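Trainee: Please model the complete structure; the sequences and the hints are all you need to start from.
Which chain is which? The protein sequence lines are A and B, in order. To get my numbering, take the position in the first sequence, counting from 1, and add 708. To get my numbering, take the position in the second sequence, counting from 1, and add 337.
Bear in mind the hints are in silico, worked out from the structure with no lab data behind them. Small disclaimer: the values here were computed from a predicted structure and weren't measured. Ideal Cβ positions, reconstructed from N, Cα and C, are used throughout, including at glycine. You may find that some hints are simply not true.
Under the rule of at most 30 Å between Cα atoms (straight-line distance), these lysine-lysine pairs were calculated in the DSBU-like manner [said to hold, decoys possible]:
{"id": "1", "chain 1": "A", "residue 1": "Lys835", "chain 2": "B", "residue 2": "Lys613"}
{"id": "2", "chain 1": "A", "residue 1": "Lys835", "chain 2": "B", "residue 2": "Lys519"}
{"id": "3", "chain 1": "B", "residue 1": "Lys512", "chain 2": "B", "residue 2": "Lys546"}
{"id": "4", "chain 1": "B", "residue 1": "Lys512", "chain 2": "A", "residue 2": "Lys727"}
Taking CB as the label site, the calculated pair distances span [claimed, not checked]:
{"id": "5", "chain 1": "B", "residue 1": "Thr464", "chain 2": "A", "residue 2": "Gln843", "range": "54 to 60 Å"}
{"id": "6", "chain 1": "B", "residue 1": "Leu508", "chain 2": "A", "residue 2": "Asp736", "range": "45 to 51 Å"}
{"id": "7", "chain 1": "A", "residue 1": "Trp955", "chain 2": "B", "residue 2": "Ala462", "range": "23 to 29 Å"}
{"id": "8", "chain 1": "B", "residue 1": "Ala455", "chain 2": "A", "residue 2": "Leu767", "range": "20 to 26 Å"}
{"id": "9", "chain 1": "B", "residue 1": "Arg423", "chain 2": "A", "residue 2": "Arg813", "range": "46 to 52 Å"}
{"id": "10", "chain 1": "B", "residue 1": "Ser365", "chain 2": "A", "residue 2": "Gln963", "range": "55 to 61 Å"}
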Amino acid sequence: MAETFKIRIRNLRKEFRTKGRVVTAVDDVSIDIEPGSFFMIVGPSGCGKTSLLRMVAGLDAPTGGSIEIGHGGQERPENSMVFQGESIFPWMTVWDNAAYGLTLRGLPAAQIREVVGHYLDRTGLTKFSGAYPHQLSGGMKQRVSIARAFANDPEVLLMDEPFSALDEQNKTLLQEELLRIWEEHKKTVLFITHSVDEAVTLGDRIMVMTAHPGRTKAIIDVPFARPRSVLELRAQPEYGALVYRIWEQLREEVQLARDEAESVGVPS
Amino acid sequence: MSGRRDWSTRARVAASWGLDRGARFSLSPARRDRLISVASPLLLMVLWEVCARVGVIDVRFFPAPTTILKTLLNLVQSGELWTHTRASLQRLFWGFLVGGVPALFIGIAMGLSRPLRAAIDPLIAATYPIPKSAILPLILLIFGLGEASKIAMVAIGMFYPICINAVTGVLEINKIYLDVAKNFRATRWQMFRTVALPGALPFIMSGVKLGVGMGHILIAIAEMIGAKSGLGYMIWNAWEILSVETMYVGLLTIAVIGYIFSLAINELERWIIPWKADR
Numbered sequence: 709m710a711e712t713f714k715i716r717i718r719n720l721r722k723e724f725r726t727k728g729r730v731v732t733a734v735d736d737v738s739i740d741i742e743p744g745s746f747f748m749i750v751g752p753s754g755c756g757k758t759s760l761l762r763m764v765a766g767l768d769a770p771t772g773g774s775i776e777i778g779h780g781g782q783e784r785p786e787n788s789m790v791f792q793g794e795s796i797f798p799w800m801t802v803w804d805n806a807a808y809g810l811t812l813r814g815l816p817a818a819q820i821r822e823v824v825g826h827y828l829d830r831t832g833l834t835k836f837s838g839a840y841p842h843q844l845s846g847g848m849k850q851r852v853s854i855a856r857a858f859a860n861d862p863e864v865l866l867m868d869e870p871f872s873a874l875d876e877q878n879k880t881l882l883q884e885e886l887l888r889i890w891e892e893h894k895k896t897v898l899f900i901t902h903s904v905d906e907a908v909t910l911g912d913r914i915m916v917m918t919a920h921p922g923r924t925k926a927i928i929d930v931p932f933a934r935p936r937s938v939l940e941l942r943a944q945p946e947y948g949a950l951v952y953r954i955w956e957q958l959r960e961e962v963q964l965a966r967d968e969a970e971s972v973g974v975p976s
Numbered sequence: 338m339s340g341r342r343d344w345s346t347r348a349r350v351a352a353s354w355g356l357d358r359g360a361r362f363s364l365s366p367a368r369r370d371r372l373i374s375v376a377s378p379l380l381l382m383v384l385w386e387v388c389a390r391v392g393v394i395d396v397r398f399f400p401a402p403t404t405i406l407k408t409l410l411n412l413v414q415s416g417e418l419w420t421h422t423r424a425s426l427q428r429l430f431w432g433f434l435v436g437g438v439p440a441l442f443i444g445i446a447m448g449l450s451r452p453l454r455a456a457i458d459p460l461i462a463a464t465y466p467i468p469k470s471a472i473l474p475l476i477l478l479i480f481g482l483g484e485a486s487k488i489a490m491v492a493i494g495m496f497y498p499i500c501i502n503a504v505t506g507v508l509e510i511n512k513i514y515l516d517v518a519k520n521f522r523a524t525r526w527q528m529f530r531t532v533a534l535p536g537a538l539p540f541i542m543s544g545v546k547l548g549v550g551m552g553h554i555l556i557a558i559a560e561m562i563g564a565k566s567g568l569g570y571m572i573w574n575a576w577e578i579l580s581v582e583t584m585y586v587g588l589l590t591i592a593v594i595g596y597i598f599s600l601a602i603n604e605l606e607r608w609i610i611p612w613k614a615d616r
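Mentor: Here you go:
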């Protein structure tokens with residue numbers, strides 16, 4: 709493949725009309741994401757990062773600009789998303805949830821069995837394959853969601869703060885697991901988070917977004933080698949330095965977002 | 338120090354007393370409640386029987402339970418009760434098929450499509466408050482005195498609760514599930530089958546319960562006019578020939594059928610909504 713990008717976003721813009729007022733959520737964002745890279749977007753809450761991801765996922769239409777996703781030519785879905793919060797179907801077993809994309813595409817049963825079996829194994833869910841989501845913990849549910857997206861074998865994986873509802877320990881475990889599974893095929897990932905730690909731990913490049921409207925504030929390269937171990941990485945002084953640098957960029961925006969919320973009277 | 342010991346002794350005494358009490362009355366509250374709820378209707382029956390025999394109540398209106406039971410056995414032996422029960426059950430079944438099944442599909446489609454909802458909602462809102470029993474004459478006019486009018490009555494009774502609940506059921510589905518289906522490129526039919534239908538099922542089952550109850554009421558009313566069979570006819574006919582016992586048998590049978598239906602629907606619910614079972 710001669711392409712130098714997997715996702716190319718040009719002058720992307722999103723406006724919402726609420727009560728006669730036009731609110732710009734995403735303003736003039738342009739990004740090139742290389743094939744096989746882990747691209748992180750970090751920004752304060754409400755900065756429009758979820759809007760951006762939803763447009764890439766094809767769930768919302770942009771107001772302006774363009775999104776291109778490079779296609780490998782195979783019969784592969786363009787993208788699969790790991791949603792924030794509980795998104796696995798309560799009425800399906802773990803297995804059926806993980807097999808969802810493949811079943812919709814009508815793939816042969818043997819192939820579905822193999823792929824789903826593999827990803828349930830990789831996420832440690834094999835012995836829960838017959839369980840319903842209400843029998844699982846929050847961390848397990850997110851594992852199912854990750855298995856569902858990976859099993860669908862898309863061109864790019866989109867992740868919308870998939871671990872934000874989890875406690876610290878579960879979050880670290882799942883980040884480790886995600887990196888391990890990702891190492892297998894090195895799919896292009898676009899990952900949204902509000903956590904600087906998470907961005908530095910997982911990403912190859914990090915885009916810091918401004919608050920309201922969401923614009924590109926900085927793009928920062930993460931120099932750490934792969935495969936990474938979350939805990940070892942975090943013990944390095946360079947890690948702390950990079951987190952600090954990004955925080956410096958972000959602090960202003962978080963402050964701005966908070967002031968704005970206060971002036972409008974929105975509870976933060 | 339001595340104060341502390343005092344407390345612990347008291348706690349021990351209390352604990353042992355509690356144990357003793359538990360041993361003497363070994364009924365748990367749940368079992369006691371169940372016993373009471375079985376005993377109370379039985380007690381009422383006995384009281385009824387005694388009052389009827391002693392002559393405290395007028396047996397022309399309230400025949401003794403044993404007399405009703407005798408009539409019941411006669412009607413079972415002659416096959417009359419089964420004939421009428423079967424006729425009513427058949428009408429309920431066809432009514433469900435004609436009214437309930439379309440209601441399910443229309444309701445889910447309305448839940449998924451805003452324009453469809455905008456088009457049909459006012460029709461439902463306007464016709465729903467009309468007492469279904471009040472349209473019986475119109476139904477008789479349109480469908481005649483035969484089976485069709487009875488089935489139509491049941492169908493109308495089933496349609497509303499099932500349709501309205503299906504709409505609500507789909508609207509109550511968390512939007513994220515629709516987003517997931519959309520993200521995984523589900524077709525319209527796949528969206529219906531994998532998200533809308535299963536997601537709305539808990540509400541739909543409540544609608545089915547209400548619908549079956551409504552069908553029950555309406556079939557009895559419909560069979561009282563212009564029918565030659567069915568439990569409603571049996572009750573009405575019993576009034577005309579002043580066979581009060583037969584009337585009670587009819588009421589009892591309708592009650593038992595209703596009870597069995599609700600048990601069966603609960604069982605069905607457990608079976609088709611396993612993800613809600615042990616919640």
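Trainee: Now tell me, hint by hint, if it's right for this structure.
Mentor: Here is how each hint holds up against the structure:
no. : hint                            : verdict
1   : A/Lys835 - B/Lys613             : 21 Å, holds
2   : A/Lys835 - B/Lys519             : 29 Å, holds
3   : B/Lys512 - B/Lys546             : 26 Å, holds
4   : B/Lys512 - A/Lys727             : 22 Å, holds
5   : B/Thr464 - A/Gln843: 54 to 60 Å : 43 Å, violated
6   : B/Leu508 - A/Asp736: 45 to 51 Å : 36 Å, violated
7   : A/Trp955 - B/Ala462: 23 to 29 Å : 55 Å, violated
8   : B/Ala455 - A/Leu767: 20 to 26 Å : 23 Å, holds
9   : B/Arg423 - A/Arg813: 46 to 52 Å : 48 Å, holds
10  : B/Ser365 - A/Gln963: 55 to 61 Å : 59 Å, holds
Checked against the numbered hints above, the structure violates hints 5, 6, 7; every other hint is satisfied.
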